[in-house]
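Read off the chains here:
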Amino acid sequence: MNAVSEPDQFDVVVIGSGAGGAPLAHSLILAGKSVLILEKGPLIEPQYRDPRGVSGFKRDELFATGPEKIIRVPNVTNTGKAYYSSHVEPDLNDEPHVYREQLGDDRATIEGYTAQVVGGGTQLYGGVSLRFTPLDFRLGSFNAGRTDILHDPDGSVRREARDWPISYDELEPYYARAERLVGINGTHENQAKPFRSGGTYQPPLSTNPISRFVEVGMDALGMPRYRTPLAVITRDHEPSGRRVPADPEQARTGYVNRYGDPLGLKSSTWVSLLAPLRDRPNFALRYNCVVTRLEAQGSRVNKVWYLDPAGSEHAVTGKVVVVACSAIESVRLLMLSGLADSRFAERINPHGLLGAYFLTHCFGGAHATVPGRYDKSVSLDSDWATDFAGTEAFIREHGLWAGAAIYNNTSDHALPLSLGRTHGNQDLDTVWNGFASDLRLTGEGLLRYLDGTFGRSLSVSFMANQVPLRENRVELHSSVTDKWGRPVAYIVKDWHAHDRYLMDVLARTSADILRYGGDGIGHHPVEGFGGVYNSDNGRARIANHILGGARFGTDPTDSVLDVHCRAWNFDNLYVTDGAFMPTAGGANPTLTIQANSFRVGDHLAERL
Amino acid sequence: MLPALQFSDDYYLNYCAKYLARRNTEARHTYGCACETSDRRARISECWRFPIVDTHHDLAEPTRSTTNAVSFIYDARGCSVSTVAVTGTFASLHQRIPLQPVRFLGRETGYLATTVLVPKKQVHIYQFLVDDTPTLDPINIQRATLDNGRIWSRFFTDGCAVPLMLERWEFQLLGPLTAHILPFRTQTGELFLKQYYDRLDRHAIGSQYRFDQAVGVVNFIDKVIAREERHHYGDYRVALSLIRDVLRQRHPGCEPADAPREAFVELYEQLGSGDVPGWDYSRYHEPRYFLQLLRRHTYTGAFSHPRNGGNVLAAGWAFLADRYRDADGNTLFDWERALESPLGTSPDYRG
Ligand SMILES: Cc1cc2nc3c(=O)[nH]c(=O)nc-3n(C[C@H](O)[C@H](O)[C@H](O)COP(=O)(O)OP(=O)(O)OC[C@H]3O[C@@H](n4cnc5c(N)ncnc54)[C@H](O)[C@@H]3O)c2cc1C
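The listed protein sequences correspond, in order, to chains A and B. Take any residue in the first sequence, note its place counting from 1, add 5, and you have its number in our numbering. Take any residue in the second sequence, note its place counting from 1, add 105, and you have its number in our numbering.
Honestly, the hints are just simulated from the structure, not real lab data. Bear in mind that the values here come from a model prediction, so they are computed numbers and not experimental data. Treat the hints with care, as some may be off.
[Unchecked claim] Pairwise CB distance ranges, derived in the manner of DEER restraints: (1) Thr130/B with Pro355/A: 34 to 42 angstroms; (2) Trp489/A with Thr293/B: 29 to 37 angstroms; (3) Gln107/A with Gly339/B: 27 to 35 angstroms; (4) Pro203/B with Pro79/A: 54 to 62 angstroms.
Where is the CB? At the ideal position from N, CA and C, for every residue including glycine.
Model the full assembly from the supplied sequences, consistent with the hints where possible.
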């Protein structure tokens, strides 16, 4: 039962306040529509908005990767193993994601979650905010008829590549809008993407001197470089009313990636898009509220059921319902709704495509120890990026199906705990293992290790398209349930042979940047390079880039959503988080999710 | 009378929804490793978070930050409870501080909450008075048994250095064990720490930070096994008593903590190999596991925020800041810049 005073009918109900949900909510609130956002996570304010004057986000390494917890989920093979999570990641024992390591070996993983908090993953993200290239939108036609794609024995790359139903040019104005309203710093020159609508980046902050090696390396290799666009404001940001400190360089702290920003300089969707509209009478935000299912009558979703912070159930109605829970959880919510009502299941999934073509990125890179030492704790997430590996020339030269963005990381290993806990591992499921078992790092040995690595390690990453495969999918797990007794998401995926090859090529290219960066002639030693498929739990790895599973398209038998991200057989159901993507793009996805959400917002504003 | 603060309902709900609201009946949570599966706290996520010990920003003295805001939450959903109050050593024991209903959309949720300001570095015991009946906090994992045998709930505030879990001999034995792992027992490390502590007010350090308890990591361990990683308390209890036995066998006539440095080097290597002559494997199967745990805790304690009880006076960070400098002598780990005063120098961040 709802309290009498609180409305339960809205023009739009948006589920999830992150990159996919907030931009369209922003537009629709401004267009005068009544908007309710239901968000599972808490609201954590930056200092300037908090009545107590402090933020629940802290510059404390134990907030990013907290104390040890033990997996006690039944029916998975890693029960009893340790895991570590941020304060705004879900509790794995309450709501695990389960992935299939191999048949009969299901494991709980913290991979595949972004963050559960108002603002979603954009609270914790590194803020790397790249556009996709025009080519990323037409990989189907680009690859059709090609005979030079390597490592594609059964032709599946050509068969499965898809064009997006919209072009770069159609999305371009929305990219520009997202960049302006979210608040991004960077430079345009040398990007392989036309900025037709003009540039709206704020100026970048100073680079960390360690990035000099990347400059040298990229220049030596003829890779046009630009300052990595980052979602951190460096000047007062008029659209959101945010102000920067007297010295904007104070934003460079090393507490960036995996940390919420207590000052609100990082442009989460909360501080940039929603908080400025908080007091509008047509905007309601209910946080700590988890949506459990959608109920439909015919082609209309007429109820959104949610549990309030005390676990009591309520329903609200929206003329339009937008699902933006981040791809895995959105697919799960739609499947759970289908579990409760077979007619819903038939409508949402007539061709078995819901959950199919789940995507992340092919990612990886290289790392080296550089000469000298630098204060990496004074940095944002990245300084330099290049689209060198995103060009047709590069793609054809290497027999690839698609390209990638390459950029350097500056905030990794910036602080002592992050250095220690990722020693020998890079991923969330295995943090601390390397340090704990490397007994050489003791006393003098630990001192030598710190001398050798602290402020000296530099890495270069690539972010590339993964081949979409129908068998890479999200399902409901048959026996593992969440804290509400509902089946959890089950992730079944593997890397295609071409993905592995592509990661090898790009890892070598990343390594070359460091080789040339170190000495200008290509002889600087690189300590490690490779693609993520090489890691022990390579199947689980998702890079926090959670895409596909409800792709949009022009053919209802080949997609789950239409061009406006509306579920084909529903009149009022939309999905706007990363799930809509038919291909993952050769760059970090969030800016594209935001731009597309603005695009859908315009469509809805017209429709309502 | 200690005034109670009432934060917004949302402040409390931000903790209730994730950690308390649920339907599961399985003992799925980490604390379940350390308790009976019938214990309600084995079903709750991160029950160590309660009561909530949070930063407090004092507008009158913005740079001092000497108190924490401690919030008590009582989950009365589904029970017929009329009043809940809290009483504890942070106020006069006669004072009952009532918990107020927490509302969502104007409706009572069944959660009750209140907040008090408590100075940092302290430990306190408390009880709820549920319809006047003294009751332990059903969520909090920390409990203290008083001399009279009574059990109370307990919490501690940031930077607390009062021993809670480890006995004196355990503290002493962990001194050389942790010092062996850290880089402070090297020549440069010892010299640095001596100078660093000399420069700071010795009284601020307190007597428990003996030189062999490098940068307070043993205190960090004492706190982390009291709260966040309570499930490892048993590991320390058993493994330390076995280590004591082994050292006594090998060095009769001397206190285990005072055994020669070589004895710890040898022991450390044996723990690492898993083959420790004299170890009672029936009591603790994997000595290597204990060493790995100790390594993680030791490193974390040395280099995490001092509020967690280690890295006392930021000595761990200061060591790195001092050691790593550019040609002009400027530090290459300017940790102070990002952090709140009085610990750091950030003009903007309040902790
Ligand atoms: C540490 C980290 C670093 C990253 N760095 C980058 C980067 O540099 N660049 C980049 O492009 N991307 C980065 N990402 C990824 C980025 O966060 C995601 O791409 C983006 O947030 C995805 O948007 P989304 O809308 O799909 O999901 P989210 O932004 O995660 O939003 C989903 C929201 O839905 C809520 N929700 C879920 N289920 C329910 C439910 N049932 N009921 C109500 N609410 C629900 C969640 O709590 C969440 O707030 C990073 C992510 C992390 C975690």
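Comparing the hints with the structure gives:
1. The hinted window of 34 to 42 angstroms between Thr130/B and Pro355/A holds, with their beta carbons roughly 37 angstroms apart.
2. Look at Trp489/A against Thr293/B: about 55 angstroms separates their beta carbons, and that is not inside 29 to 37 angstroms.
3. Between Gln107/A and Gly339/B, the C-beta spacing of about 34 angstroms keeps the proposed range 27 to 35 angstroms intact.
4. About 41 angstroms separates the C-beta atoms of Pro203/B and Pro79/A, a value inconsistent with the hinted range of 54 to 62 angstroms.
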